[in-house]
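Q: The residues making up each chain are set out below.
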Amino acid sequence: MNGIATLALGSWFLAGGAYAFPRKGRIAGDVLTILGILAGALLIGSLWVSLGRPPMRTLGETRWWYAVLVPTLGLLLGWRFETRVLAIPSCLMGAMFALINLRHPEYMDKTLMPALQSPWFVPHVVVYMLAYSALGLSSLVGAWMLAKRFLRKESVRPEDVDLSHRLVLVGLPLLTCGLLFGAFWAKEAWGHYWTWDPKETWAFLTWSAYLIYLHVKIRHRMKPLLNLVLLVVGFAVLMGCWFGVNLMPTARESVHTYTQS
Amino acid sequence: MSKPALMNPRTARPAQAAVQTPAASFWEQPLGYRHALLVGATTLGIGVLFHFQIGYRTRFSADLFAAFATVLTLGLLALGRLRRNDPVVHWVAGIPMAVVSTAMVSILALVGGVVPQSELQAHAGVPSIFGSWPFLTAAGLMQVNLILSAARRLTPWTRANVQYLLTHAGLALALFGAAYGNLGLERVRLIAGLGQPTNVAEREDGTQVQLPFQVTLRKFTMETFPPTLSLAAEDKTAKDGLKLVHGAHFAQVGMAEQIGSVEVRVDRYYPRAARLDGKWIEVPAMVTAGPAAHVVATVDGKSVDGWVSAGSLDTPSSIVELPGHRAIVMPDLRPKKFASDLEIRRNGVVEKRTIEVNKPVGFGRTSLYQISYDEQMGAASEYSVLEVVEDHGLPVVYLGLFALLAGVTMMMAQGAAAGGPSNGEDK
Numbered sequence: 000m001n002g003i004a005t006l007a008l009g010s011w012f013l014a015g016g017a018y019a020f021p022r023k024g025r026i027a028g029d030v031l032t033i034l035g036i037l038a039g040a041l042l043i044g045s046l047w048v049s050l051g052r053p054p055m056r057t058l059g060e061t062r063w064w065y066a067v068l069v070p071t072l073g074l075l076l077g078w079r080f081e082t083r084v085l086a087i088p089s090c091l092m093g094a095m096f097a098l099i100n101l102r103h104p105e106y107m108d109k110t111l112m113p114a115l116q117s118p119w120f121v122p123h124v125v126v127y128m129l130a131y132s133a134l135g136l137s138s139l140v141g142a143w144m145l146a147k148r149f150l151r152k153e154s155v156r157p158e159d160v161d162l163s164h165r166l167v168l169v170g171l172p173l174l175t176c177g178l179l180f181g182a183f184w185a186k187e188a189w190g191h192y193w194t195w196d197p198k199e200t201w202a203f204l205t206w207s208a209y210l211i212y213l214h215v216k217i218r219h220r221m222k223p224l225l226n227l228v229l230l231v232v233g234f235a236v237l238m239g240c241w242f243g244v245n246l247m248p249t250a251r252e253s254v255h256t257y258t259q260s
Numbered sequence: 000m001s002k003p004a005l006m007n008p009r010t011a012r013p014a015q016a017a018v019q020t021p022a023a024s025f026w027e028q029p030l031g032y033r034h035a036l037l038v039g040a041t042t043l044g045i046g047v048l049f050h051f052q053i054g055y056r057t058r059f060s061a062d063l064f065a066a067f068a069t070v071l072t073l074g075l076l077a078l079g080r081l082r083r084n085d086p087v088v089h090w091v092a093g094i095p096m097a098v099v100s101t102a103m104v105s106i107l108a109l110v111g112g113v114v115p116q117s118e119l120q121a122h123a124g125v126p127s128i129f130g131s132w133p134f135l136t137a138a139g140l141m142q143v144n145l146i147l148s149a150a151r152r153l154t155p156w157t158r159a160n161v162q163y164l165l166t167h168a169g170l171a172l173a174l175f176g177a178a179y180g181n182l183g184l185e186r187v188r189l190i191a192g193l194g195q196p197t198n199v200a201e202r203e204d205g206t207q208v209q210l211p212f213q214v215t216l217r218k219f220t221m222e223t224f225p226p227t228l229s230l231a232a233e234d235k236t237a238k239d240g241l242k243l244v245h246g247a248h249f250a251q252v253g254m255a256e257q258i259g260s261v262e263v264r265v266d267r268y269y270p271r272a273a274r275l276d277g278k279w280i281e282v283p284a285m286v287t288a289g290p291a292a293h294v295v296a297t298v299d300g301k302s303v304d305g306w307v308s309a310g311s312l313d314t315p316s317s318i319v320e321l322p323g324h325r326a327i328v329m330p331d332l333r334p335k336k337f338a339s340d341l342e343i344r345r346n347g348v349v350e351k352r353t354i355e356v357n358k359p360v361g362f363g364r365t366s367l368y369q370i371s372y373d374e375q376m377g378a379a380s381e382y383s384v385l386e387v388v389e390d391h392g393l394p395v396v397y398l399g400l401f402a403l404l405a406g407v408t409m410m411m412a413q414g415a416a417a418g419g420p421s422n423g424e425d426k
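Sequences listed follow chains A and W, in order.
Under numbering that gives the first Met the number 0, the residues of the first sequence are numbered 0 to 260, in order.
Under numbering that gives the first Met the number 0, the residues of the second sequence are numbered 0 to 426, in order.
There could be a bad hint or two in this list.
Now the stretches of chain A that chain W is said to cover, found in silico as 3 or more residues with beta-carbon under 8 Å [as the list claims (entries may be wrong)]:
| no. | region |
| --- | --- |
| 1 | 150 to 158 |
| 2 | 187 to 195 |
| 3 | 200 to 208 |
Dumping the calculated DSS-like pairs for lysine-lysine here, alpha-carbon to alpha-carbon at most 27 Å [what the hints assert, rightly or not]:
| no. | chain 1 | residue 1 | chain 2 | residue 2 |
| --- | --- | --- | --- | --- |
| 4 | A | K109 | W | K358 |
| 5 | W | K358 | W | K218 |
| 6 | W | K351 | W | K335 |
| 7 | W | K336 | W | K358 |
| 8 | W | K301 | W | K218 |
| 9 | W | K351 | W | K218 |
| 10 | W | K336 | W | K351 |
| 11 | A | K109 | W | K335 |
| 12 | A | K109 | W | K336 |
| 13 | A | K147 | A | K23 |
| 14 | A | K109 | W | K242 |
| 15 | W | K301 | W | K335 |
Please keep in mind that the hints were generated in silico from the structure rather than gathered at the bench.
Everything numeric in this text was worked out from a predicted model, so none of it was measured.
We treat Cβ as the ideally placed atom computed from N, Cα and C, and that holds for glycine.
Okay, chain A solo, but in the shape it has when bound:
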């Protein structure tokens, strides 16, 4: 399985390099990205079969989903929005998450606690990973533009800001669906749809951060720099929900500790 993981990592890394040559490297980049996605999908499928359960219980397992979905969305949305801006960041992000998993392999056992044995498990996590991928890409584009602005003094192009915004319009509805699926599931498993569990609280904070961004954006012609900074901040809140909540003092009060390996 390490071989498949390395193939995915290598493909995305090389794809990122190929995309650096916009004209000659485009087709090679697309082929390598697809190869990496297929390798990643094969890895997830193999894990699913070998573990006998959906591989989305631990942080490491969800990182694999993210590693695969980010380049996938980057490719699909790049075609949809007719832009090449997503190509390099999405491949490098996929490669980075794959590298993290390879460097810090997690214990993946076959057990799945009763609360997770639910039809809601897969939809809830997959929708969230899709949302995180779209929102992560929007922030990555934002950070990329900010870096170009401050390091190379290049001005922020309105079409790049527009692209970031479109990615939020993809990610926020998915985030909302993930939140709602979680509420329906919580009612079935624990008797109440919302208990302000630390994980739920941070999920709400992520949702409200992007909601506030969206409402301000609708009302005002936001300055491009401010727009991009807000998106980066929004992603920081998202990371707080995904990883950070496990490190907070409130973690011991959470029933969502199954995301720990």
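Given the structure of chain A, go ahead and fit chain W onto it with the hints provided.
A: Coordinates of chain W only, in the frame set by chain A:
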């Protein structure tokens, strides 16, 4: 040349100075974020005042709240329709108020997401920030904004308005249902003992409640996952001073696995075992017995063998020690499934139902949930811990959440091509 005519002092007007209008007062300026911030801060201040005057939270009649909230909602809906273009209504329903109220709720939620409840209780006398008056008043302001904004978009029935109503009115409905439900919410724990009928449950604060039905546990069943093996090593930096490297496979005869730097092979395995006179024997009939495995562990070319067991009620755990302060251990068994066969006596009628996690049992507005059991006894547990929930607001909450789900589905279907659901259109 004639002299210029002198000004008639009766009709002459003084020389006109440059026209100066007095600076508009704060509330005469176009209503926007600053005004919303002021209203938000005032709302929060009222919440803080309530906290100090009334206390953390006072028990409020759910029906009284529902009546008040319904009247308020109808009033806001009428206001939103009849005075749709009024600047104040427009502003209260608008985005500045939405942003400020959402931000207020979020900031308080952030406190709750970072500061443990025990510390909030100790330092601020607030068991939970989510039930505190400041949070409730902030959420109330957000609700007013949601209702008014939905009222202004009730007509015409364009696609954009329908999508808007589904999301905003859906959320408002869910919040209303949640508030109503929480006021009258009953969430009590019931411990059903084997063969012992009971109708007594306990609230979180320890008070006992008599339920209108009786529950008897007839049978408790539990399945566990087979055990795995782990390599334990002393590590002062790790939690409990022990670092565990876990094996991925279930222990069974013939299993061979590399766990860390140790090659582990299982040549004997008893699903139920006990230790008698220093020897491990298989005891299939002993329900409380745990598994044990005889392993051969090879490290640096040298092999060590012995029995590994997580232990049980009657038998202490057993490990195989390795050189370098390491050992092969068997972690505690993990539950795969646990279920309770219940007999529920209600209104003279007896029903037999089976309950397990993710499969609650319900009748009327009451639902029973399988929460836990006697973890020390495991499969031999003689009681089952159930949670009994009665939430009268649930239908309204679900209606609101499904409306919200429909709204975001429309949003996804529409796609990002238009740049947003109300691009360029002020709220």
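Q: Against the earlier hints, flag every one the structure doesn't satisfy and list their numbers going up.
A: Those not satisfied are hints 1, 8, 15.
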